[in-house]
Amino acid sequence: MTKRSNVSKLYVPEPPFRPGDKPDFSHIVVPAEHSPSRPDPMVDAYDTEPQATGLVRVLKLDGEATGDWNPNLNADTLREGLRHMLLTRLVDDRMFSMQRQGKLSFYMKSTGEEAVAVATAMAVRPTDMVFPTYRQQGILMARGWELKKLMCQCLSNAGDPLEGRSIPVLYSVREKGFFSVSGNLGTQMIQAVGWGMACAYRGNDDIAIAFTGEGASAEGDFHYALNFASTYRAPVILNVVNNQWAISSFQGIAAGQSKSFASRGLSWGLASLRVDGNDFLAVYAAMQWAAERARRGGGATVVEFFTYRKEGHSTSDDPTKYRPRSEPDAWPFGDPIGRLTDHLIKLGEWDEKRHEALIDELKVFVRETYKEAEALGTLATPSNINPATMFEEVFEETPSHLRRQRQEFGV
Amino acid sequence: MARMNMIEAIRDAIDVKMSQDPDVLVFGEDVGYFGGVFRCTAGLQEKHGLHRVFDTPIAEGGIIGAAVGMAAYGLRPVAEIQFADYIYPGYDQICSEAARLRYRSAGEFTAPLTIRTPVGGGIHGGQTHSQSPEALFTHISGIKTIIPSNPYDAKGLLIKAIEDNDPVLFLEPKRLYNGPFDGDPHKPAVSWAKHDLGEVPEGHYTIDFEKARLFQEGSDLTILSYGTMVWVAEAAAAATGVSADILDLRSLLPLDLDAIVKSVKKTGRCLVLHEATRTSGFGAELIAEVQEHCFYSLETPIVRVTGWDTPYPHALEWEYFPGLERVSEGIRRVMEG
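So the protein sequences, as listed, match chains A and B. Using our numbering, read the first sequence as starting at 1 and increasing by one per residue. Using our numbering, read the second sequence as starting at 1 and increasing by one per residue.
One thing to keep in mind: the hints can contain errors.
[To be verified] Taking lysine to any residue and the SDA-like style, the derived pairs with C-alpha atoms no more than 25 angstroms apart in a straight line are:
1. 262(B) <-> 403(A)
2. 262(B) <-> 401(A)
3. 176(A) <-> 165(B)
4. 211(B) <-> 392(A)
5. 47(B) <-> 392(A)
6. 176(A) <-> 96(B)
7. 176(A) <-> 74(B)
Worth flagging that the hints you see were computed from the coordinates, not collected in a lab.
Please put together the full structure from these sequences, using the hints given.
Shown next, in the form of structure tokens:
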């Protein structure tokens, strides 16, 4: 924290490094040994203070898995997780470059944050509804949504299940338990609480899992969500993905002087965990823990995933304009894909050759699928979407004023 | 049939739906044990249980956001916002979420929720308990805006709203809760017990949206209005001796344009009334539609009488409210041209 003076003066926080600076993250201590312990999932919320201010970890940077949070996953599950993360990254790369070629209007990568989405999806039930932001596409990979549909959504073409109504990456996939992504940030947090309240009202043990970035955790909806989740003991997991950057604003703009985003949960009497978001096993373990707590009537958990957004916010910003070019590489918590790969290799369950072969296989899959998707149209070609659909689904039944407007439009 | 005031009719509508459909939940500030500051939910918690009728934190954005999540899940939440003046923290959840969910998800997710909230002045509420924000919602695609003017319509329209598969904003003119109001605050209050529209059928019935009520039939002038102002229109027509078609629009969106056009083409004159502020008010939309569809039938320019473009002042409430005198003057202006 910046030293306080004896004079009241407007204080505006600034990130430690801007373009031209040499990033040095030595002030962020990577805990060597290692992680706050794993309490019983039904622990009193206030007793999670060490987990809310420390950092829940399983994987050391050398690839060794230690500690009582280790979910002890078998090698097949680990390889599956690696596959979903790699696919996510390759799809991101492909769609990003296609945006640069003018085939789609916009794209958002999740590079460096793949573990947050993929491990969450694998740790909870496929029937648990996730309320994602635009950066949890990894959930769709892990839950096996047809990749061509995802690409067609981004291309806003005839294959887009959303009929070209939303900009790229604002998916909606009910069959995969993936709630319609809003462009208005944070709104999904309180909606997830409502969904969880509905699950509890119906008396089943389904839960809802919501995500927000740390930047949008400043929205009122986040605070409503924590308040309502606490009041009604809603079976939800409220995740804050702290990737350090909200477009060009560093995390301190949203955090203020608070110790961690996770610790905000404590003040509402909610169990709270701060988790290494680049550690696939820690994410998995934390989600398993919070899901069990929610299903058993223990209520909501607030989870901060401590991670780093390696690329720009979207295709519309150049991150070198507001942070050092080398900052992503200087980030001290490594890369989630690299760390899980190292772990598998250390276990003797993976090797370089298989890794290369998997990447090659996925690249072909992505390339071929993209070709099929692009054949259905791109932003650069005339839209294949039936213009009449513009007037549909505003309401369940089209009222007369919209019917008149459709006639006026001429369809 | 039963004698009901508007509060009882609204409560009865909710009760009918709660008895029929276990997915109907009611929540909002003070609606539970206490039964709401206007008593619209009194007794419902006792009858239907704590988990179906409950109090919420004072957080309108939270109330509506949670309702969106419940509705998307498959429940039918009926959320109360204590005064329409307090709805603004929930505006984003209404406009960007509830109203857009069906469209943006291509029908995968919907938000069949009902938001009930009292509107309008005439109860010494000052600028924070008297607003009429209907135009802020009719401007939004994807949400229906309903406003009854009497107990009979209130019950039928509210049951319809709860059963509707789209989000519905249900505005309750609070000055009409206990009786009709002709715009003269100095007269003794009239109760619904003496009025036909206080006769409310028991059990289930609905009134379709997009259907105006021909409140009074006449030949010389069409008055387009809704909510409290319907009753002022009736009194002003009587005071001026003008034979007026008074249309109680009831459903602002969707709007019964056919009824409007039919009436104005018949009378050739049109007066538009609302209590809300004038500029960009719903009256502007009505005037535009009448102009577009009835221009060649109009004998005189359309006139509107509305609240002034000021906040609703406490001490000068009756100077703000477009009461009998101003409406009568409006009628004379339309008649004289």
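The hints, checked one at a time:
1. 262(B) <-> 403(A): Judged against 25 angstroms, a Cα distance of about 19 angstroms means the pair holds.
2. 262(B) <-> 401(A): Answer holds: residue 262(B) to residue 401(A) is near 16 angstroms, not above 25 angstroms.
3. 176(A) <-> 165(B): holds, 23 angstroms
4. 211(B) <-> 392(A): Satisfied, since the Cα-Cα distance of roughly 22 angstroms is no more than 25 angstroms.
5. 47(B) <-> 392(A): Roughly 40 angstroms between the alpha carbons, so the hint for residue 47(B) and residue 392(A) is violated.
6. 176(A) <-> 96(B): Cα-Cα ~23 angstroms, so holds.
7. 176(A) <-> 74(B): Since the Cα atoms of residue 176(A) and residue 74(B) sit roughly 17 angstroms apart, the hinted pair holds (cutoff 25 angstroms).
Checked against the numbered hints above, the structure violates only hint 5.
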